[in-house]
Amino acid sequence: MASGRKHKRLVAWLAQERVFRLIPFIMVEGLFIALMAIPFLLTIYISLLRWRANRPFEQAVFSGLLNFEAVIYDGEFWASLGRTFVFAGVAVSIELLLGFCLAMLLAKEFAGRRLYITIFLSPMMVVPVVVGYNFSMIYVDSGPLSQILAPFLEPFGINPRIRWLSDPTAAQVAIVLADVWQWTSLTFLIFLSGFSALPPELTRAAQVMGASRWQIFRRVQLPLLKPVIIIAVVIRGMEALKLFDQSVLLTFGGPGTATQTIAFYLWRQVWQFNKFSFGAAASILLLLLFAVVIYVGIYLLVRERATLRHEGSG
Amino acid sequence: MAASPRSSKAPFRRRHQVFWHVRHALLVLWALFALFPTFWMVSTSFKDAGEWITWPPHWLPQEATLLNYKQIFAFGELETGLSRSATDHAFNIWKALGDSLLVCTLSSLAALLLGTFLAYGISRFGVGGKNFRYAVLTLRMVPPIVIAIPILMYYAILIPHTTELLFGTRISLYDTYLGLGMLYTVTTLPFVIWMMLSFIDEVPYTLEHAARLMGAGRLYTLRRIVLPLVASGMVVTFLFIFILNWSEFLLALTLTQPGVSTLPVLLNKFQSAVEGRLYGPQAAIGTVITLPVLILGILIQKHLIKGFSFGMIRK
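Protein chains in written order, with the numbering used here: chain H, 207 to 520; chain F, 7 to 321.
Honestly, the hints are just simulated from the structure, not real lab data. Nothing false has been slipped in among the hints.
Keeping only pairs whose Cα atoms sit at most 30 Å apart, straight-line, the calculated DSBU-like set for lysine-lysine is:
#	chain 1	residue 1	chain 2	residue 2
1	H	K314	F	K308
2	H	K448	F	K101
3	H	K432	F	K136
4	H	K448	F	K275
5	F	K275	H	K481
6	H	K432	F	K308
7	H	K481	H	K448
8	H	K448	F	K308
9	H	K432	H	K314
10	H	K448	H	K432
11	F	K76	F	K101
12	F	K275	F	K101
13	F	K275	F	K76
14	H	K448	F	K136
With the hints as constraints, model all of the structure from the sequences given.
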């Protein structure tokens, strides 16, 4: 009896608007603070120490900004960062182009369209680690890639059993290709929904007024698709900069450092070489650098979302 | 006069047909490219050791065998003929499967519950201010390695030290289900909030308003009116973040060793084996990891766009 009344009072208290609003907010914020803010403050503290994991934490000495200096003067850090941006740039532009073309080919309804869509979307659902493994199988010296290229190589006296991943350039191409294979499906999906949201009246009006196909595409469809394109660029670009899984599975950063992305570089510094305070300093610097990129990305997303909304309602 | 429309239409039809063929040729080409790596993996998983790498490679196993699957799923001592050789320890697929299922299911559920209620608050009351939804998005854009390094130090240093001070025992979250699960919850929360926002925004507020006017309490309205309407959306969201957690590699690799091991980490252990990579069992593990995700993914195909584009694009 008493517990029932208590229960009722609890429900009534929970249903109050201010409580109701605050509980999920506080819980989520609490989780964010506990798992993001506090660790980050700790990282700032550790980045100011001189400490490697082979010594106890308590004996670490304060060293000021020495770690940051070490990171800034470390050529490999900048090289990995640049490499990551190049990989992301190349991969994302290929993905956008291919995704756009594929979506254009499938924009209109025809028999078999659904099957094509299902097949085209399937790479997105394959676990990235498995993609890395799959491509490593394809690139094996006696794998299918060598076999397919054999008729073109053998006439010139080249042994087709090439160790693709031992060549820096080929390894870099492999990484980009694996990324393109997996994520063209996403840009395709985004563009496909963009095409299906195009109002048919405008195209028809342009047709009636005697516009050619190219003119319709260039002057009517492309401007309408601009927000979708920008959203695809930002979302894919942000993800591409995180490239890590394939770098580990496919090439392990090698040969040499040819496919070492920034995430892989940091992982190596901390988990292989145990350079904790160096890694902490590097991750803070990286976060600061990324803050600019993220800010630009979010700004673009918010702006384009507003225009999409506006067109949708108007 | 009568001939002119026909003569202008005939080339048009021919052009149309050419275009039809070109279109299908391109589409089939891409479909083959999209299917090939997965096909090759499945094919390899049925090959016997001698066929893994031969020249020229066999596209289909000449003698299909289940040996690879038997090998990875075998319990305890192996029968003769099933050798595990160098990478004996790496074969613990049952544990990895269980770990993956446990961590992914629980953390996805937690994220779903928290995220749905927060999304409701954001949608109806503007909790956290106008830009809160974008602030949440920022979190998702931070590269995971930048999260992993602080979390490692937090789990392995700060929390043990604090618990030692407070309770006298060292409790480390490094390499525990709780540690990894909480992190998965936090990293997938942005997706949940964004996807659920787009579902909840579609529920007309007038419905709730009517129920409130008729005297229904806030919790009652939420349970009886809003939740049934967004239930399918919650299922889709759950499956989506489950797939994300299932595929997650970096955090699992860096924050759990060797106690908790998820399937992607298990697959990676094989990859780094120096002597004689076991292509066949690896392909079998890859197939086992991919299959459930592929099925779930095809089920929620229509809604994937909502997750991946943060609800920026509606379909």
